[in-house]
Structures are given as structure tokens and as C-alpha cells.
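Student: Per my numbering, the very first residue in the sequence shown carries number 1; after that it's consecutive.
One or more of the hints may lead you astray.
The list that follows gives simulated cross-link-like pairs (lysine-lysine, DSSO-like), each with its CA atoms no further than 27 Å apart [to be verified]:
id : residue 1 : residue 2
1  : 276       : 237
2  : 191       : 237
3  : 417       : 397
4  : 417       : 158
5  : 189       : 47
6  : 195       : 237
7  : 189       : 158
8  : 158       : 237
9  : 158       : 191
10 : 158       : 195
11 : 237       : 47
12 : 397       : 158
13 : 189       : 397
14 : 158       : 276
Per label pair, the in silico range of CB-to-CB distance [claimed, not checked]:
id : residue 1 : residue 2 : range
15 : 311       : 70        : 21 to 27 Å
16 : 420       : 280       : 43 to 49 Å
17 : 133       : 195       : 48 to 54 Å
18 : 195       : 11        : 47 to 53 Å
19 : 133       : 425       : 29 to 35 Å
20 : 136       : 308       : 34 to 40 Å
If you're looking for bench data, these hints aren't it; they were derived computationally from the structure. Just so it is clear, CB atoms sit at the ideal spot from N, CA and C, and this is done for glycine as well.
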Amino acid sequence: MAPSIEQPYAYRRRDLIEPDWTRLPGWRDVTSADWESAQWQRAHCVKNVAQLRALMGDLLDQRFYADLERDQAERATMSMLVPPQMLNTMVPATSEPMPAAGAAFTEAFYADPVRSYMLPVFSDRRTDWSSHPFATRDSLHEHDMWAVEGLTHRYPTKVLAEMLPTCPQYCGHCTRMDLVGNSTPQFTKLKLAGKPVDRYAAMLDYLRRTPGVRDVVVSGGDVANMPWRNLEGFLDKLLDVENIRDIRLATKALMGLPQHWLQPDVVEGVGRVAAKARSRGVSLAIHTHVNNAESVTPLVAQAARTMLEAGVRDVRNQGVLMRGVNDSSEQLLDLCFALQDEASITPYYFYMCDMIPFSEHWRLSLAEAQHLQHAIMGYLPGFATPRIVCDVPFVGKRWVHQVDSYDTEKGMSFWRKNYRTSIEGDDAEALSREYVYYDPIYTLPEAGQQWWRENHDLGAVHEAALVGAGASRAASVADLG
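Please construct the entire structure, taking both the sequences and the accompanying hints into account.
Tutor: In C-alpha cells:
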């Protein structure tokens with residue numbers, strides 16, 4: 001008999017458990033009927049420190065609230081909005097006893113992966129490099145690529161329709177922080193100028209006039225915040241556009257507010273849209289956003305399977321790679337198996353966290369992402385093995401191993417592209433140029449960190465990137481400055 005070989009990761013199925021919400025003082029009298037109501041969930045979202053205090057009672061020490069208040073005042077790119085469903089997965093106490101109130105619970109709350117990106121606190125952020133020098137509010141330049149207001153035409157055959165600027169929950173790392181959510185003390189948000197009905201009509205008109213587009217991501221914000229009749233009306237017209245072959249509904253609420261997707265009117269409406277899509281040969285999918293296995297509960301699995309039963313072709317997950325949330329192969333594989341085995345959600349992408357302000361403590365280096373991609377290979381079926389991608393400004397999604405060259409000391413990676421975005425129609429060098437992405441500075445070797453400390457003038461960064469490179473690299477680095 002051959003000896004057993006210990007594997008770096010040991011697979012085992014884990015039963016999904018809905019954490020007991022009555023363990024939290026503010027929800028001791030909440031019934032199952034209340035909990036499963038989308039209306040109750042929306043009405044009881046935590047939007048400020050006072051509401052969090054009322055929920056937690058004596059579980060959290062004062063230092064946590066002070067830490068949270070300071071972050072909201074000085075660093076937060078997103079206002080506070082956390083549904084009960086998401087709060088209930090923080091320190092879930094499903095596999096071990098509930099920590100004692102006070103210091104023990106507070107430490108567990110600080111360490112919780114879901115808390116770290118849904119309720120970020122000032123002490124989470126880095127003080128040496130809280131923002132990268134090249135961080136920008138619209139880090140992917142989506143607004144620069146609007147064909148009409150809210151419709152980003154970034155890829156040759158695909159567009160992103162930003163239907164609305166709100167979500168049922170606001171994530172601290174949101175890549176669309178320039179548009180989505182309420183303004184914070186640090187950031188005044190961009191406002192959509194047109195009336196929704198006019199914007200939607202302009203989007204549909206553009207798609208009818210642009211037969212090269214076949215794929216529409218319907219997003220925002222989060223489509224779960226649109227009244228269903230309005231969303232279905234748009235989708236019904238979208239399905240009448242002859243060239244559209246793929247429609248993806250983007251909703252973190254499938255995880256953060258699964259109760260919405262279990263409402264009878266929504267389920268019936270999805271069924272109608274799915275039936276029309278099938279009759280036209282159009283693939284209708286839902287893309288959600290789950291970052292840690294703690295978030296996958298029986299209600300999330302029920303919502304995903306209900307959508308599949310209603311006729312959606314696929315439910316896929318697009319997570320974001322974040323330090324302290326899912327930065328180990330074990331965390332990623334635990335999440336992927338929970339999604340695939342227990343919720344029928346296909347692991348699809350993990351994006352590297354984008355270069356928005358005050359996000360450095362979440363971001364990983366390209367080298368770390370490459371290591372994680374290597375480490376998760378071979379465990380999941382090929383169709384359910386997620387790609388870890390870097391969303392390179394002016395380029396788009398690239399698998400982390402597609403980098404053209406990489407200066408690991410200064411944390412500069414260089415990338416090429418094989419298509420023009422909508423703002424490069426007359427750019428003869430778009431396909432020969434190299435574009436730059438930057439690692440978090442604190443992940444660099446000391447020599448690299450010292451170089452960045454000494455070069456506060458970003459013009460010096462441009463010059464450094466030119467060493468040993470030609471004019472095409474010069475142009476691309478200058479573009480980012």
C-alpha cells in the first residue's frame with residue numbers, strides 16, 4: 001500500500017451555518033421571519049457608530065468606536081453601510097465559543113476578515129504609505145471611457161452599464177469610490193447628471209448603434225438597489241438589441257443581502273428575463289462579490305440556487321484579493337470550495353485591489369499575487385479555478401503572470417495590450433506601448449522603499465522607469481503622471 005502523502009492544503013467539506021444573530025445584544029428578539037425579510041434587512045443596516053453601539057452593547061470596547069470614528073473623519077473613501085446579513089458573519093462563533101464581551105470580543109472583531117473591509121478603522125491603515133503616490137479616485141479611468149453617461153466602453157466587445165450610484169452595502173475598497181455612495185469628509189462624490197430614464201435610453205441607443213458590442217455588464221452601484229420593475233424594463237429592452245449575446249448582472253447583494261434575491265417578485269421577474277434570454281440565445285449570468293468563506297451562509301447558497309432554478313445560466317464570483325481578508329492559499333481555497341461545493345457559485349476572478357486612495361494596507365504586490373495563483377492551482381476543477389488578475393490602468397484585466405517585465409526592487413511592473421480602448425482610436429502606439437502598475441511601497445525591499453522616500457517628485461519616478469527602456473515605455477509612464 002502506497003504511503004499517504006501530506007498535501008499543502010487538505011480538502012474537506014464544511015457544512016454551511018447561518019450564524020445565530022441573537023448572540024448580538026441588539027438582535028436578541030429578532031425572529032427568523034424578520035431576518036429573512038429584505039425590507040427588515042434594509043431598515044436595520046448599520047450606518048453610523050451610534051447604530052453599531054446599539055447593536056453590540058457591551059461587546060466592543062470604546063477604543064474600537066474611537067478608531068472607527070477617526071477613520072470615518074480622516075480616511076474613509078466610503079460612508080458606512082453594512083446590512084445585518086454581513087454584520088452577522090463577523091466573529092460568527094459557529095465553530096468555536098463566542099469571545100467574552102470586552103477585550104476578547106474586541107480583539108476578535110479587529111481580526112475578523114469581513115470586518116476589516118466593511119468596517120475599516122484608522123489603525124488598519126498604514127501611516128507610512130496610506131496612499132500610493134499614483135493612487136487616483138477613478139483608478140481605472142472608467143469615466144474617461146464613458147460613451148454616454150454611465151456607459152463605459154473600455155473593451156472592444158464589452159461595456160459596463162453603471163445603472164445607479166448606490167449599493168445595499170458599501171465596501172471600504174470600492175474601486176468606484178469616485179461615484180458610488182455618499183460623500184465622506186475626505187471625498188465629495190461625483191454625481192450622475194442625467195435623469196435615470198434618459199441615461200438608460202442613451203445607453204440602449206448607443207448599443208443599437210454599435211454592433212461591435214456583444215456583452216453588457218449591468219452594474220452600478222448594485223442592481224439590487226434598483227426597483228425590480230425598472231431593472232426588468234431595461235433588461236427587456238436590452239434583450240431586444242440584436243447584437244447583445246451576453247448579459248451579466250453585477251450584485252454583491254447576492255451575498256450581502258441574499259434576502260433581496262429571494263423575494264417572490266424578484267424571483268418571478270428573473271424567470272421572465274431568463275426565459276426571454278434563452279429564447280434569443282443570450283447568456284444571462286449573475287456576478288457576485290464574495291471575499292471570504294465566512295460570508296458563504298445557507299441563505300447565500302439558497303439565493304444562488306434560486307437564481308439558477310429561475311433560469312440564470314451561471315452565478316459567478318469576482319472577489320478582490322486583500323491583505324488580512326484572503327491573502328493565503330488556504331483562505332482562497334476555503335472560499336472557492338464553499339462557493340463551488342455548497343452554493344453552486346463558480347469561482348471566476350480575484351482582482352488585485354485597485355490603486356484608490358488609502359487602500360495600501362489592503363493591496364498585495366504582484367509577486368504575492370503570482371505566488372497565490374501558483375499555490376491554488378490543481379485543487380479545483382479547471383472551470384472553477386479562479387484567475388487572479390491585475391486591472392492595469394488604460395489596459396484592463398491581465399492574468400498576473402502576463403506581465404511583460406517587472407522591477408521588483410522599485411515595485412514597477414510593465415504590461416502590454418492587444419486592443420485599443422474607446423479613448424485610443426487615433427493612438428498609433430497604443431498596442432506597442434508598455435503601461436505601468438505599482439506595488440505597495442511597504443512590500444518592497446529596503447532599497448526600493450528608500451528610493452521612493454528619496455524621490456518625492458514623481459518626475460523622478462518616470463525617469464527611473466525609463467532606465468533600459470525605449471520611447472514606448474517613456475510615453476506610458478508619462479501618461480500615468
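Student: Next, verify each hint and record whether it holds.
Tutor: Taking the hints in turn, this is what the structure says about them:
no., hint, in the structure
1, 276 - 237, "11 Å, holds"
2, 191 - 237, "25 Å, holds"
3, 417 - 397, "10 Å, holds"
4, 417 - 158, "16 Å, holds"
5, 189 - 47, "17 Å, holds"
6, 195 - 237, "18 Å, holds"
7, 189 - 158, "26 Å, holds"
8, 158 - 237, "17 Å, holds"
9, 158 - 191, "24 Å, holds"
10, 158 - 195, "24 Å, holds"
11, 237 - 47, "35 Å, violated"
12, 397 - 158, "13 Å, holds"
13, 189 - 397, "25 Å, holds"
14, 158 - 276, "21 Å, holds"
15, 311 - 70: 21 to 27 Å, "47 Å, violated"
16, 420 - 280: 43 to 49 Å, "29 Å, violated"
17, 133 - 195: 48 to 54 Å, "38 Å, violated"
18, 195 - 11: 47 to 53 Å, "51 Å, holds"
19, 133 - 425: 29 to 35 Å, "30 Å, holds"
20, 136 - 308: 34 to 40 Å, "38 Å, holds"
Checked against the numbered hints above, the structure violates hints 11, 15, 16, 17; every other hint is satisfied.
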